[in-house]
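Enquirer: Each chain, letter by letter, is given below.
Protein chains: 2
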Amino acid sequence: MSKEITSRQQDYSQWYNDLVIKGNLADYSAVRGCMVIKPYGFSLWEKMQAQLDRMFKDTGHENAYFPLFVPKSLFEAEEKNAEGFAKECAVVTHYRLISDPSAKGRLMVDPEAKLEEELIIRPTSEAIIWNTYKNWIQSYRDLPLLINQWANVVRWEMRTRLFLRTAEFLWQEGHTAHATGEEAVKEAELMLDIYAEFAEKYMALPVIRGVKTESERFAGAIDTYCIEALMQDGKALQAGTSHFLGQNFARAFDVKFSDKDNKLDYVWATSWGVSTRLVGALVMAHSDDDGLIMPPKIAPIQVVIVPIYKGNDKKDLLDGKGQELASQLKSRGISVKFDQNDNARPGWKFAEYELKGVPLRIAMGLRDIESGTVEVVRRDTREKMVMSLEGLTEKIITLLDNIQENIYQKALTYRDSRITKADNWAEFVRLLDEKGGFISAHWDGTPETEQTIQEKTKATIRCIPLNNPLEEGNCIFSGKPSQQRVLFARAY
Amino acid sequence: MSKEITSRQQDYSQWYNDLVIKGNLADYSAVRGCMVIKPYGFSLWEKMQAQLDRMFKDTGHENAYFPLFVPKSLFEAEEKNAEGFAKECAVVTHYRLISDPSAKGRLMVDPEAKLEEELIIRPTSEAIIWNTYKNWIQSYRDLPLLINQWANVVRWEMRTRLFLRTAEFLWQEGHTAHATGEEAVKEAELMLDIYAEFAEKYMALPVIRGVKTESERFAGAIDTYCIEALMQDGKALQAGTSHFLGQNFARAFDVKFSDKDNKLDYVWATSWGVSTRLVGALVMAHSDDDGLIMPPKIAPIQVVIVPIYKGNDKKDLLDGKGQELASQLKSRGISVKFDQNDNARPGWKFAEYELKGVPLRIAMGLRDIESGTVEVVRRDTREKMVMSLEGLTEKIITLLDNIQENIYQKALTYRDSRITKADNWAEFVRLLDEKGGFISAHWDGTPETEQTIQEKTKATIRCIPLNNPLEEGNCIFSGKPSQQRVLFARAY
Chain A
1 MSKEITSRQQ
11 DYSQWYNDLV
21 IKGNLADYSA
31 VRGCMVIKPY
41 GFSLWEKMQA
51 QLDRMFKDTG
61 HENAYFPLFV
71 PKSLFEAEEK
81 NAEGFAKECA
91 VVTHYRLISD
101 PSAKGRLMVD
111 PEAKLEEELI
121 IRPTSEAIIW
131 NTYKNWIQSY
141 RDLPLLINQW
151 ANVVRWEMRT
161 RLFLRTAEFL
171 WQEGHTAHAT
181 GEEAVKEAEL
191 MLDIYAEFAE
201 KYMALPVIRG
211 VKTESERFAG
221 AIDTYCIEAL
231 MQDGKALQAG
241 TSHFLGQNFA
251 RAFDVKFSDK
261 DNKLDYVWAT
271 SWGVSTRLVG
281 ALVMAHSDDD
291 GLIMPPKIAP
301 IQVVIVPIYK
311 GNDKKDLLDG
321 KGQELASQLK
331 SRGISVKFDQ
341 NDNARPGWKF
351 AEYELKGVPL
361 RIAMGLRDIE
371 SGTVEVVRRD
381 TREKMVMSLE
391 GLTEKIITLL
401 DNIQENIYQK
411 ALTYRDSRIT
421 KADNWAEFVR
431 LLDEKGGFIS
441 AHWDGTPETE
451 QTIQEKTKAT
461 IRCIPLNNPL
471 EEGNCIFSGK
481 PSQQRVLFAR
491 AY
Chain B
493 MSKEITSRQQ
503 DYSQWYNDLV
513 IKGNLADYSA
523 VRGCMVIKPY
533 GFSLWEKMQA
543 QLDRMFKDTG
553 HENAYFPLFV
563 PKSLFEAEEK
573 NAEGFAKECA
583 VVTHYRLISD
593 PSAKGRLMVD
603 PEAKLEEELI
613 IRPTSEAIIW
623 NTYKNWIQSY
633 RDLPLLINQW
643 ANVVRWEMRT
653 RLFLRTAEFL
663 WQEGHTAHAT
673 GEEAVKEAEL
683 MLDIYAEFAE
693 KYMALPVIRG
703 VKTESERFAG
713 AIDTYCIEAL
723 MQDGKALQAG
733 TSHFLGQNFA
743 RAFDVKFSDK
753 DNKLDYVWAT
763 SWGVSTRLVG
773 ALVMAHSDDD
783 GLIMPPKIAP
793 IQVVIVPIYK
803 GNDKKDLLDG
813 KGQELASQLK
823 SRGISVKFDQ
833 NDNARPGWKF
843 AEYELKGVPL
853 RIAMGLRDIE
863 SGTVEVVRRD
873 TREKMVMSLE
883 GLTEKIITLL
893 DNIQENIYQK
903 ALTYRDSRIT
913 KADNWAEFVR
923 LLDEKGGFIS
933 AHWDGTPETE
943 QTIQEKTKAT
953 IRCIPLNNPL
963 EEGNCIFSGK
973 PSQQRVLFAR
983 AY
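So the protein sequences, as listed, match chains A and B. The numbering of the first sequence is my numbering, which starts it at 1 and goes up by one. The numbering of the second sequence is my numbering, which starts it at 493 and goes up by one.
FYI, nobody ran anything at the bench for these hints, they're computed from the structure. Some hints could be false.
What the hints assert, rightly or not - Straight-line C-alpha distance at most 30 Å; calculated BS3-like pairs for lysine-lysine:
#1 A:K315 / B:K876
#2 B:K495 / A:K256
#3 A:K3 / A:K22
#4 B:K802 / A:K114
#5 B:K752 / B:K822
#6 B:K755 / B:K626
#7 A:K314 / B:K802
#8 B:K626 / A:K315
#9 A:K47 / B:K626
#10 B:K789 / B:K802
#11 A:K297 / B:K822
#12 B:K902 / B:K539
#13 A:K321 / B:K902
#14 A:K47 / B:K822
#15 A:K337 / B:K807
#16 B:K829 / B:K752
#17 A:K186 / B:K829
#18 A:K395 / A:K310
#19 B:K822 / B:K806
#20 A:K260 / B:K876
#21 B:K887 / B:K841
#22 B:K514 / A:K256
#23 A:K349 / B:K813
#24 B:K606 / A:K104
#25 B:K539 / B:K549
#26 B:K841 / A:K201
#27 B:K755 / A:K57
#28 A:K314 / A:K22
#29 A:K421 / A:K480
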């Protein structure tokens, strides 16, 4: 009973859905635009969370929790932020259901239980958090305030896709407060670096660090920094953002502090977030037509051991040896599954763990035990190796490191081969259609040109890379003078 | 600037609020009935979560995530459950805001963006989860399904209290599916045992395991098991519940499985949960008039080191020694804070960490360094000890164990002294008013008597203890025959 996966070439988008659903990462739900994250997918998210949380805490951040609801009057206080999110808000208007007199067993909203003020389900928490910071910050001694929250948020998206864009999603949102603008900018940059390090070292996902143009900025930000990744179909994916918010939210919520000279000033802010979208990025960046490919550092299962039973012949011996090997690996911090389920054949298991992207598979039969060896197969290269049981743990650790590095290098080579310069409009359009990836091109710096290019090609400016070299040139579209290239792409 | 705490005798309820607010566990929010969990309070919850999560995983449970929203038609499918929660539901009716034409800068709900079907914010997730399980369970091979979710839920309570009862709260909810009723009952009992072990071993909170009467049962359950704790004001607090749901939800959502003989039957269910309410229980069970008292096993900070500077004299030496001690303790897994803040005096810090309930405080001055000693103070007993720096780590580990045990024994002695038998109505009422605690008394088994007793005394039946001895007697209120005593109390 092998599960059919659509190939990438056949239908990239269906391939992605097949991997998510058949790889047991997530499932559709009864709620429009919301998904169920299944145990295998959730354990992947837990691994990502644990690592990110460590990195946040190592840089002095603490976790806290703020309400799910934002009263409308707070929601609208920072005007640009409100405007940006108003069109996709879930709104709570009532707090009670009563029996529906016209239909037995049915309930209806109690018209008597209307809220005086509507509550918005947080699409992001700047408003509720800055309204709270107002009570926490009086003096420079209260700064910096470095807080992160792991939470669910809701944005009523019209077109949703598993992990990549869902109405409800899980994320972390950092919200920090500082005494100076410079310090806040530094914080926003630091968090971008942490996201980039996480993406590259743990997810094996190469990213470009950059800054967004005005029209792609977070609503209410002065600057939005981002990391941009490239998927196998040549489309870009924004994998994380970090915002320098200036004093916008401090002004909206009247958050002032007295500095060392007792002078009052508004507080400076940042916010930054990554979400379960990263799971989608992971799937699309590394997987192949046989299933998922998990980078060892965040794989829920790093090694699976499959015993090859011959009926009940010496089953105990095989089970004993398997348990022993599993314990050895576990004692070194490797997450191992020893699959003793005897309802499924080895071949079915092999396909199943390939589909789930387990980095290393160890098969172990009676003959192996006699010869003191096992068969080890890498998921990324399919390489099959016969290895001695002696010293196996060390070799497995090295192999996992090699796989992590190989997956990263592969993604990096692919990505780098798809950053292409275009110097005229025809080339730009041709490259987008034929090659995809990032197109590095001159742009005249106006939102109007940016918008026209998007309308004509569906490509957006993904970012202006950090430390971008200056270079005289002419806008790919308007021909007007430009000082630097920016990165265009079609994107998720 | 010491923070005033109301004493327990003066006003128990204000004492509790003072501890929560001034101890930096939580804060009020701008949203009716919702609170903000501050970093110190959240780190306590994280410690509790981490331990519970370990215990769930060690018993074969996996985490997953289901939608925040429950469509009304699913919500009403299990009739008793729906009826139980209908009167306290937050309901999403719209998905967009637009500019309010009558007020510049204001937003209003877009009447055009009304949902076809209202969405209830989960007060508990049986409905959405069993609607999903329908697709996951076909055969006995898919069972048992042992899933847990960490999530926020909303119950529109009219009277709220920080941690103890809030409109939104954080919790975990386990939802399991089984092939037989016996297996499901076993699961519900197992999870109750895990909750009890967690409460007693980690929170140092003695609990009584029991089963609820029909009127106190979870809406939709066949049986509700519970753990009940006693607070210092003699009121009981339900600290966790585990429900045997029978086939009620399987019937409501048509979840059937084929057994080994290919016979179709409805699936059996349990659900179980504990919440941030446990933080409130912890505060009320152990703290005193000077502040919180944290059990070492879940204390966010187990040991604080306070250097006693004499101006800048040998500050570096003191800082070096403090760092060294902190590293030693950390290397043994102890969570330590070395408080080098020189804006605050030692006396202020002592009061602050007492308020925060840090189990051990180490003070270290220049004279201590000369004599190779430190001053160690226990938060629970206030005992002051001068200890040699040599071998200090081992002694600290032992001390933390002693404190954990002492806090538990103190709570146990108090609790046990407040389980009192009452054999007539006058005694029952007098005990409730004068002594509080659990009153062990006969009850005739009818919901009517239970309700009348509650109306007359505000006491409810907290539980029928597990393994309750049978004993002939007469109902405390009606005089009718009864076979066992049950535990009454006024409760949170």
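Enquirer: All the hints need checking, so say for each whether the structure fits it.
Expert: Quick rundown of the hints versus the structure:
| no. | hint | in the structure |
| --- | --- | --- |
| 1 | A:K315 / B:K876 | violated, 61 Å |
| 2 | B:K495 / A:K256 | holds, 24 Å |
| 3 | A:K3 / A:K22 | holds, 7 Å |
| 4 | B:K802 / A:K114 | violated, 62 Å |
| 5 | B:K752 / B:K822 | violated, 53 Å |
| 6 | B:K755 / B:K626 | holds, 17 Å |
| 7 | A:K314 / B:K802 | violated, 74 Å |
| 8 | B:K626 / A:K315 | violated, 35 Å |
| 9 | A:K47 / B:K626 | holds, 28 Å |
| 10 | B:K789 / B:K802 | violated, 34 Å |
| 11 | A:K297 / B:K822 | holds, 25 Å |
| 12 | B:K902 / B:K539 | holds, 22 Å |
| 13 | A:K321 / B:K902 | violated, 49 Å |
| 14 | A:K47 / B:K822 | holds, 24 Å |
| 15 | A:K337 / B:K807 | violated, 53 Å |
| 16 | B:K829 / B:K752 | violated, 57 Å |
| 17 | A:K186 / B:K829 | holds, 26 Å |
| 18 | A:K395 / A:K310 | holds, 28 Å |
| 19 | B:K822 / B:K806 | holds, 24 Å |
| 20 | A:K260 / B:K876 | violated, 38 Å |
| 21 | B:K887 / B:K841 | holds, 23 Å |
| 22 | B:K514 / A:K256 | holds, 22 Å |
| 23 | A:K349 / B:K813 | violated, 56 Å |
| 24 | B:K606 / A:K104 | holds, 24 Å |
| 25 | B:K539 / B:K549 | holds, 16 Å |
| 26 | B:K841 / A:K201 | violated, 40 Å |
| 27 | B:K755 / A:K57 | violated, 53 Å |
| 28 | A:K314 / A:K22 | violated, 34 Å |
| 29 | A:K421 / A:K480 | holds, 17 Å |
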